Structures are given as C-alpha cells and as structure tokens.
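As a plain string of letters, each chain reads:
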Amino acid sequence: GAVVSQHPSWVICKSGTSVKIECRSLDFQATTMFWYRQFPKQSLMLMATSNEGSKATYEQGVEKDKFLINHASLTLSTLTVTSAHPEDSSFYICSARPPATGSGTEAFFGQGTRLTVV
Amino acid sequence: GENVEQHPSTLSVQEGDSAVIKCTYSDSASNYFPWYKQELGKGPQLIIDIRSNVGEKKDQRIAVTLNKTAKHFSLHITETQPEDSAVYFCAANDMRFGAGTRLTVKP
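Protein sequence lines, in the order shown, are assigned to chains A and B.
In this text, residue positions in the first sequence follow my numbering: the first is 1, and each later residue adds one.
In this text, residue positions in the second sequence follow my numbering: the first is 1, and each later residue adds one.
It should be emphasised that the hints constitute simulated quantities derived from the structure, not laboratory data.
Don't take every hint at face value.
27 Å max Cα-Cα, derived DSS-like pairs, lysine-lysine [said to hold, decoys possible]:
#1 B:K106 with A:K14
#2 A:K20 with B:K22
#3 B:K106 with A:K41
#4 B:K58 with B:K37
#5 B:K68 with A:K66
#6 A:K66 with A:K41
#7 B:K42 with A:K41
#8 B:K42 with B:K68
#9 A:K64 with B:K22
#10 A:K64 with A:K14
#11 A:K66 with A:K20
#12 B:K58 with A:K14
#13 B:K68 with B:K106
FRET-style restraints, in silico, Cβ to Cβ [unchecked claim]:
#14 B:S52 with A:E59: 20 to 26 Å
#15 B:G41 with A:T80: 40 to 46 Å
#16 B:R51 with A:V118: 18 to 24 Å
These figures come from a predicted structure and were not determined experimentally.
Glycine included, each C-beta is placed from N, C-alpha and C at the ideal position.
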C-alpha cells in the first residue's frame, strides 16, 4: 500500500505555544487529506478535510483558528495547534487519499502524533 | 454528514473462535466501507474494504458483508489468533469512523 509519513511521532510543548504536525504522502499525490484527533480509548474524530490549494473544511465544533490546516502541495499537509493547552493533548492522525478516485477508495493513514501539552 | 454506529464496543473470544463486528450507516449514497485495525499507539491500518456493488468480500480469515437495503455491514474474523487482538474501526466513504470495537482473543 501507499505510504503516509507523519512527523513528529510525539511532541511535548508548553501551554500557550504552537505546534506544527506534518503529513506527507511519500509515493503518491494526495488531493485530499484528513485530520483526526483521538483521545484515549475513543474513536478517531474527524477534525477537517483539506483539499490541495483550497481552504480546509472543518467539522462542527472544531475551531479553525486554533487548528490551522495548510495543504499547499499534493504531498504535504500541515496541522498547527495554536496556543496549545493541556486539553489539546491527544493523538493526532492524518490520512491521505490518492487523486481522481473520488470518495469510494482507500485513504492511507500516517502513524499518528502524540501531543502532550504541559 | 454520514453517521456510523458500531457494535459491540468490546468483544472477547477464545482463540480459534470467530468474531463478528457490525456497523450501520445513515447515508444511502455511501458506496465504500473500509475496516481498519488499530494497535496501541499506531495509526489505523486497512484490513479489508467493500464497495456498494458487492455483497461480500473475503480475504483469508477476514470477510466483510454488506446489506445496502438495511444499511449495515459486518466484519467477520474466523479462526481468531491472539495477534488479532486490537481495536477495529468501520468507516463510510467520507471517512467518518464508528466508535470502535476492542477485540481480545484469549489464548
């Protein structure tokens, strides 16, 4: 299967600072990328869907000014958690879908980033 | 958007037994239904998927069935092994996940 690389795999930051998480599709071009947040023992909650070159579509209840998503190229999307607080501590996961395949095909997942805000 | 419900939330079986996890979806236009396995601290890995033009798909010990009329689909794992222990998620094609099922296979 295709490879999606997420970096960093874990990060610890101080409250009030910002953290950037990168999601790269290594061997395919991804027109659509998804960002999820997962709290312990819970499901993956879709935060936003990003399409290359356009603004991300955020799910209800997700603050777009706090979780900045940039999808500037077909192989890279970034999620920046701004002014992070301890309640933002979570496991963040991205996935990427190859182009020209519509919604009816597989998306490939990164390995996740564990964010801890102290 | 799509609403996906998954049951049960936990499932414990004896090694060698079968395990079945069920999901229902709300959007009749959905046409792609993947199943993912997630191990602790890792991202989800696709294990099998099915499209709406097919009623059943099998890959060795894993199978998925789809009932479009009833809007539900199921994951079947036969001859379970301890390494099948993980959390399993279903999803519908806009990539919204079910709540997950923690499967434990006892040796």
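Problem - Hint check against the structure, violated hint numbers in rising order - result: 1, 2, 5, 8, 9, 12, 13, 15 and 16
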